[in-house]
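Use the sequences and the hints to build the structure in full.
Chain order of the listed sequences is A, B and C.
Going by the numbering used here, the first sequence runs without a break in its numbering and finishes at 292.
Going by the numbering used here, the second sequence runs without a break in its numbering and finishes at 348.
Going by the numbering used here, the third sequence runs without a break in its numbering and finishes at 317.
Incorrect hints may have been included.
Stated by the list, open to error - Chain B side only, calculated, beta carbon under 7 Å to chain C, not exhaustive: (1) 65; (2) 83; (3) 306; (4) 311.
Since the hints were made in silico from the structure, they are not lab data.
This one's a predicted model, so the numbers in the text were calculated from it and none came from an experiment.
Cβ atoms here follow ideal geometry from the backbone N, Cα and C, with glycine treated the same way.
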Amino acid sequence: MAVHEHAYKPYAGPLTPVWSRFLIIPRHAYRDVFASKLYTALFALCFVCPLVMAILIYLHHNLTAMAALSISLKDIVPINGFFFQFFVGTQTFFAFVLTVLMGPPLISRDLANNALPLYLCRPFSRAEYVIGKMSVLLILISAITWIPGELLFLFQSYLEGAGWAASNLWIAGAVFVGSWTWILLLAMLSVTISAWVKWRLAASAALFGLFIISNAIGFMVNGVLQTRWGGLFNLTFIMKTIEDSLFRAPNSAGLPSWMVLPTSAAWIMLALFLAFCLFLLTRRVRAYEVVR
Amino acid sequence: MENAINSSVEPLASVAILSEGSDEPAKLAEPVIHLDGLSVQFGGRPILKELRGELRGRAIGLLGPNGAGKTTLIHTLLGFHPPSSGTAHIFGRDIRKEAKPIRTQIGYLPERDSFIANMTCVHFVRLMAELSGLPSEAALERAHEALFYVGLGEARYRQLGTYSLGMKQLAKLAQAIVHGPRLIFLDEPTNGLDPPARQRMIELVRQIRDSGKAHILLSSHLLRDVEECCEEILIIKDGSIAVYCNLEEERRANRKFLELETRGDREAFVEAIGSLGCEYALTSERRLKLVLQNDVDIRDLYQLAGAHKVQIRRLNFKRDSLEDIFLKAMESGNGDGNRAAGMREGGK
Amino acid sequence: MTDKPDDHMIVFEDVSKFYGEILGVNRVTLAIEPGITSLVGPNGSGKTTLMNLMTGLIRPTRGRVSVLGLRPDHPEVFFSKVGYCSQFDSFPSALTGFQFIYSYLRVHGRPKKEAQELAWKALHRVDLLEAAHRKIAAYSKGMRQRVRFAQAIAHEPAVMILDEPLNGLDPMARAETIRLFRQLAEEGLHLIISSHILHEVNDMSDTVILLNNGYVVAEGAIQGVRDEMEEHPMQILIRCDRPGLLAARVFEQDSVVEAKIHKDKHGLFVKTRDADAFYLLLNTIVVQDGLNVESVAPADDDLNAVYQYLIGGGEGA
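If you want it as structure tokens, here you go:
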């Protein structure tokens, strides 16, 4: 009979490519996320809107179907910039819900019990760690925003013809850039809040609160200083301004004209805000804390 | 009084370390850790001051009072903190320039609690293996192997948050070895463990050391643990090396001083020893120390014991225990001990 | 029950403590004298429960606890006599070392000036004077341990209950703290210390209490505990060059029960029921057979062995 000794053995096999290591984090996160029926159902729900929109596009080009439902062309919304802006707006709302649910535990779980040194004592940098964590949301939200959005665009172009596509190419661009600004904002916000706030509930509240409070601050500054630049502190307002400019629908919310801010200012504020979040992140994501 | 030994003797490690993938024949063993004037500062305050030395042993003990810089040294070697000047090499690679390749070959067991509460142990160790570069299936296999090796059975499917302290330490050890590193940093691995768990941990450390496939750097306040596992000792005080010492050498040297504990009529026995020409000193009611003369050996002592009907209940060669070495190092002034350990004096 | 006043002892009278269904300790009867008493046992064996019962933080489900004649029912008097140092490393993070101890003393009802003096005295005793005005969050692990200890002795209690007080201390601090313990013990205090480091317990304690699974499995003076275990023959390790030869010779004696060669083939473990006779036999064997003896030592004359016998290796994970 042979007795097998299990001694310490080094690993001699192949290693995975270095650039792809950050994807380990979203992969492992999704295993947990999609094990939960709640999240899977919610995620499925996010595809309702794209589905409805696809149906609308289809109906636009299918007279028989329209006749069958006894509606006429003018009843259905036109497929134009507004259509896609509405799409992006709705989907980013769902993205926000997903973020509130999935954002908080991203980094706080690791910080809660000091797991970060174990990540960083490996060939894995802080940057990869942060990008990996952000990718959890980046990938998911992409899947419900610009990816179906561009697919819808393609679908419409296919049905409407190349001419339409050529003259409306800016819409495809707008969907892409518009989605990505939201994606980056939400991902950055959630990892930053997750790194600083321990409790899940508090982190979710912080996410909501951020928008509400920034709204309030914006109005207060405007009121007190009798200016319009307070809007720059208002996150929702900044994002709206950016979306409006992308979709060539300035002031779509119909605010008084003096409140409207130049788009470049909005972009700059967004960039500054993201940079600030990054700064906060680097303070927390480290292998050990030095207290003087 | 200095206890630093300039180790120009061959390294103890019976393993010749080959550089990765090199075609060169096994050259003279490369140091595991080579400290080259390594200095580290925190906000202007110097923590490590120009450390120099070469460490080659299978198991290296790192000792020192709190605040001496042990943890900082480990953190710097791991790349958590950049050196302010100087550098160090691990397996020949510069920690400033090749941090990532180095970290592929390093495992780390941190002193503090380190885990993800709502993850199962297997998932956790597998995640860590993948982060070290192992492909997914290999990571799962090795995770189970590592958990089997450290002795975590069914418990591996439970969440880490439910683990007892001993099990958490074993989980930390598992993630430190899962990717088969060549150098494992263990920071207080027996912290808080009850006696049987402590013995298990020490036994595991010894097994890993004896496998010849990995080197260990053990940092601990429990001198017994270090004595039981390590051959080389590095004692750090105030950011400098106070002592570098090779325990095996210590044990082999010094065969003349004996300590005895006796029972029976001691007086006549002791007189007889004196008449053999050996110096002796009575340290307590039953204990004595003596110096063997050149022509006297232990058999002669036993003959006397037999003749006087005295039992020799305890007998051992007296050598500096690690505790003595440590206390001496703490009392002496610092700075001198910072001579190049493992390098010849005068000209490098 | 003894009728002498036990106002210099800590007494447990048939005490049990259950947390719902979970057992803390079961039917414990102890009378602890002044001096250093160590609590030894695996995690979960009831050490913390016992200590919490002594400090009055929990009440027994059954039985009676009295510390120096006082019952935990009168907390103001009780807590002025008892000092407790837990094993948990948490602090109000914004306080400095001095503030921590000072505020604790004030809660105890000491007037400001006295509280200040006592705080400084305690800090001096643990050698934390320079660091007293730094925030505790900035302390190293060893310093935090010391400040906790300082807080436990600041109000000059008569009983000190310390849960793993040497955790995280470097070897010199350990030696100094043990010296401090001995000093306090000589001043007449009760020190109840729980620890996992058996050789330290061996060196510093007067009595030891071994716990396992909520029961007291042994208690008494360190030396005595081993001697009482007669059914366990004494084990001796002899390191020499020819253990095999030695093994053959030792069986000449009836009282030798077992001889086992050490893994590294340079030593022999001998178990014998009659140690005296064995040692005398050893004298002749060494001379007659020219054995080269390297060392001789009892292999189980200490707490480690007792622990092994009574509590064993513990459960696998």
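Now the hints, each set against the structure:
For residue 65 of chain B, the interface hint holds, the least distance from its beta-carbon to any beta-carbon of chain C being 4 Å, beneath 7 Å. At about 21 Å, the closest approach between the beta carbon of residue 83 of chain B and any beta carbon in chain C exceeds 7 Å, and the interface hint on this residue is violated. Below 7 Å, beta-carbon pairs count as interface contacts, and residue 306 of chain B has one with chain C at about 4 Å; its hint therefore holds. With a least beta-carbon distance of about 3 Å to chain C, the hint placing residue 311 of chain B at the interface is held under the 7 Å criterion.
Hint violations for this structure: number 2 only, all remaining hints satisfied.
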